[in-house]
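Protein chains: 2
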Amino acid sequence: MTSKASKAVSKWLTKFDETLTARHEQAAVKLFKKDCYWRDLISFTWNIITLEGRPAIEAMLKDTLANLKPSNWQIEGEAKEAEGIVEGWFTFETKVARGRGILRLKDGKCWTLLTTMVELKGHEEMKGQRRIMGTEHGVARNRKSWLQLKQEEEARLGYTEQPYCVIIGGGQGGIALGARMRRLGVPTIIVEKNERPGDSWRKRYKTLCLHDPVWYDHLPYLRFPDDWPVFSPKDKLGDWLEMYTKVMELNYWGSTLCESASYDEAKKEWTVNVVRDGKHIALHPKQLVLATGMSSVPNAPKFPGMENFKGDQHHSSQHPGPDAYAGKKCVVIGSNNSAHDICAALWEVSADVTMVQRSSTHVSRSKTLMELDLGPVYSEKALAQGIDVDKADMIVASYPYKIAAQRQILVAKEIAMRDADFYERLEKAGFMHDWGDDGSGLGTKYMRRGSGYYIDVGASELICDGRIKLKTRVSVQEIKEHSVLFSDGSELPADLIVYATGYGSMNGWAAMLISQDVADKVGKCWGLGSNTTKDPGPWEGEPSNMWKPTQQEALWFHGGNLHQSRHYSQFLSLQLKAHMEGIPTPVYGKAPVYHKI
Amino acid sequence: MTSKASKAVSKWLTKFDETLTARHEQAAVKLFKKDCYWRDLISFTWNIITLEGRPAIEAMLKDTLANLKPSNWQIEGEAKEAEGIVEGWFTFETKVARGRGILRLKDGKCWTLLTTMVELKGHEEMKGQRRIMGTEHGVARNRKSWLQLKQEEEARLGYTEQPYCVIIGGGQGGIALGARMRRLGVPTIIVEKNERPGDSWRKRYKTLCLHDPVWYDHLPYLRFPDDWPVFSPKDKLGDWLEMYTKVMELNYWGSTLCESASYDEAKKEWTVNVVRDGKHIALHPKQLVLATGMSSVPNAPKFPGMENFKGDQHHSSQHPGPDAYAGKKCVVIGSNNSAHDICAALWEVSADVTMVQRSSTHVSRSKTLMELDLGPVYSEKALAQGIDVDKADMIVASYPYKIAAQRQILVAKEIAMRDADFYERLEKAGFMHDWGDDGSGLGTKYMRRGSGYYIDVGASELICDGRIKLKTRVSVQEIKEHSVLFSDGSELPADLIVYATGYGSMNGWAAMLISQDVADKVGKCWGLGSNTTKDPGPWEGEPSNMWKPTQQEALWFHGGNLHQSRHYSQFLSLQLKAHMEGIPTPVYGKAPVYHKI
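Residue numbers (the working numbering), protein chains in the order written: chain U, 1 to 597; chain X, 1 to 597.
Excised from the complex, chain U in its bound form (with noise of 0.2 Å):
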């Protein structure tokens, strides 16, 4: 017994698949309404990117749908209705590919539509009723274990035969996309300059944890088991990480640093030049991605006097952390994740310390963000209601940012109520409190900035109540030999300076490996194009970037936090393994560079 929601959504893909299928732009634009959105994650447009308006939609159809083909548009389980607006799940084809995508209507028209590419057609992973037997049947003389074959292929892969691709980074993101690409059957290589996957989280501070809830921090295939804490510690997390990279047979070149990179226009092919082990091997990859972290080129702080400085300074990236410091004077300027994080950690060890604010914060504690902004998607209380980690990545994707922003402002809203005292208590304290420009609080200032917040695990309650100082509406003047200056005359005695002041773009990272020229061609790593605070306009819709087709032809960037690194590298698997099998990928709508860093 279909639903009205379902017979609505229903109806609505078979006039849309008419539409499309006798190529009708205008036909197929009438059936949205004239506020809507279709995001496409690459099915139509091998790209990443929001269509706003009927115009937008329509002029994307007129370019894509001759080659395109789309086909057998079909719902999937049942459509629901709330509010006025009917939500249903669908799958579709394309000639090349297979789709799936929810779409969210309106009077019976289209407000949101996303379409996503699941699998190539002829080249769908190998699992399920696909999976490799493991053993041949019957028996053949001299045939290689498995252990033999991947043995030679470590010794091959990089020496006597070139990978497709070359991943720089090991983290997460790199990890993740190379668990994809294995999948696929695209040879990759992953270069970390760590000797053990899972170093870049043992390495930090002891007492760090995610901060973001295991339901939310799966990585692709093999999910947490279901008693893995809600916020995994940082040296468990390593080990996770280690032993995934283990189990999915990912080509991982540990304590392999990238010294450069440069693309080979006529050969269409990259040189990545790495010292592994203190030797130096050439790679030729025919693709290369930086997964190098969106939090990695760190802000270089200049300040007037720190070549006089006595006593120890250094980045956030650099901080060793606070076994050094107990006791100790130590200075934090910078207001956001990074300072806060390192502030708590020298209180714990009774260190003197003041963080400098000189702009303001957003702070959402992470149990409120864990049950009021993730928690309807990512939780138990989700996968009781039958919504898994993948189905949570397909809801998340299928707002639009600007509707998600909207969206944003109500949490926040919620947020602020439920944490009315807590905030009451932080800006008594002196605190400069913000909740984005609009109001739309922590996820949105993450998509436009990728700063300017703290989701707080503590650090937020020892400002409160002093035993965190605070020094607020001051810039730093000079940094004297054990003190730093403000601007207005007030003088703080330090053993330590702590530069919490931020990261650059991931082009830092082509700029370095490549050249500022590719840096300069491909233009800033994130943002949305909002202008607002740190994401000037005009307006993309999307993360520059990320996941896609860049300007430089086959470089990449992947990363983002635990959710995107899992959900995008799907999307950015498939347009590496559709380049490799040399099936057409006609890029829509890539972005202009707008801005260089």
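Check the hints yourself; a few may be wrong.
[To be verified] Facing chain U, according to a computed beta carbon distance under 8 Å, are these residues of chain X, among others:
| hint | residue |
| --- | --- |
| 1 | Gly128 |
| 2 | Arg141 |
| 3 | Arg143 |
| 4 | Trp146 |
| 5 | Arg183 |
| 6 | Leu222 |
| 7 | Val230 |
| 8 | Val247 |
It is worth saying that the hints were derived from the structure and are not from the lab.
Because the structure is a prediction, the values reported are computed rather than measured.
Don't be surprised by glycine CBs; every beta carbon is placed ideally from N, CA and C.
Starting from the known structure of chain U, arrange chain X on it as the hints suggest.
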């Protein structure tokens, strides 16, 4: 809308509940058919036992009901009806535990009942909603990180703090049980003579793969990813076991040899003497589990003249693999699993190999077994029908061994039909093939004697066409300096003799480690008492000594194939947890010891 079948199940459960609550054992058994079976996995009996017939059930209820307080019998999901049998799942409670089971009705009366314990009230696993946070919200001076706590535990357990339980044997059995124990918070050390988890697989000859398909082989809590090969290559499985041991945070003492163990009746404590990295350590657990392997105490061959043989000779367990024997004359005495594997591997290096078959063997082809025997519950198809591995384990457990044997006869007939040509060729080659004493084939032979079969992954084809030579219907008369002399007067030259002469009962380990007295006290492990070849009566209906209380206080045996290691570790771990928590565990129906070996 409740189906007729569901109504029948609910009705029966309600009546059953009433009779149990009123303690009317006579009325309770009237709800059962005359030909009935109640298989209980510890929930009623703190034993692993099948009660057959109403008198047996009545006697058990008379003995257990007073303290048990069973209640809250609820149907779970929808029941179904097929061929006159109504089958439904249910949950229930006792005073101390929660349980789950499967009921089968014929004409409204119970034909088979399975009751299993799921968890102890107040001692539930910390998973799902109850999982630990991983980090304290807030901050605390000098708090310890996860890594510190773990390292401190490793430094302490077995040295300054005694584990509650020691498991001897760190293969899949010890590891699966160890994972359950960890989740239940029972401090446990696993002692393993090899260095790394998985080594017992790595050290096998190179082309070995599992003969059971992946859906059957999962470990508890963390299933193989969905692209895992159907038949795990040994080294890949080794890697999985190694990483599983790590991420499950097991206290695994590799390179540790157990030398002896003895029980102190007064202190109610074991002394287990081990050598770890050269150091002698005495452990004092309250409970000792032998998980040394169903196939681990070799049946040492004794043939006249062995001491004269000039070539290589060893039991199959000591066979290093075929590499040194290319082109050599190899005689393998035995015709079951090990013999076949070894012969095939030798043939692959072009050795001249003869299998000496002294008694008949049952052979089922792996692919056929996978499809016809395991397929209904352990397969992609089963998964698509919602039968995951936990459900599959319950379904298999719900058939008492007597009934399972009858069902197996039907399966064996199907197998015989499907592979008729194969069996014809095998027998034409002279191979002595059987279907078990009653035609019930492989699974039943496995449960009755743990031997006498081969799951064919290719060796049989080599026998069919003579590439592996066969000598049958003889016994070994004498081993000479360069040959084997047979009872029919024939003689085979040999550079290598492999005695694939099987394994003895696991209580042989008890004899070696503890004492012959204790080994005799507990008696033979495995076997059902079916009064068939190598499984002498009387009928027990459950494998002797496995996963349940033995005649030696605080001594337990764990093992079996991957399915049994996984499923029965649940019940063994719950018994051990109950003991640790001081929850009374009155054992009903502990079997007497009928056979010492």
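Review point. When the nearest CB of chain U is found for Arg141 (chain X), is that gap smaller than 8 Å?
Key: 5 Å, holds
**Study point:** chain U contact restraint on Leu222 (chain X) - CB to CB distance below 8 Å
**Key:** 5 Å, holds
Point to revise | Satisfaction of the Arg143 (chain X) interface hint, Cβ to chain U closer than 8 Å | key: OK, holds: Arg143 (chain X) within 8 Å of chain U, min 7 Å.
Point to revise | When the least beta-carbon distance from Val230 (chain X) to chain U is tested against 8 Å, hint result | key: 5 Å, holds
Practice item. Double-check Gly128 (chain X) for me: the hint is only fine if its C-beta lies closer than 8 Å to a C-beta in chain U. Key: With a closest approach of 5 Å, the Gly128 (chain X) hint holds.
Point to revise | Interface hint compliance - Val247 (chain X) to chain U, C-beta minimum distance less than 8 Å | key: Holds. Min distance 6 Å.
**Study point:** Closest C-beta approach of Trp146 (chain X) to chain U relative to 8 Å, hint status
**Key:** 3 Å, holds
Point to revise | Evaluation of the interface hint that places Arg183 (chain X) against chain U, nearest CB under 8 Å | key: 6 Å, holds
In summary, this structure violates none of the numbered hints.
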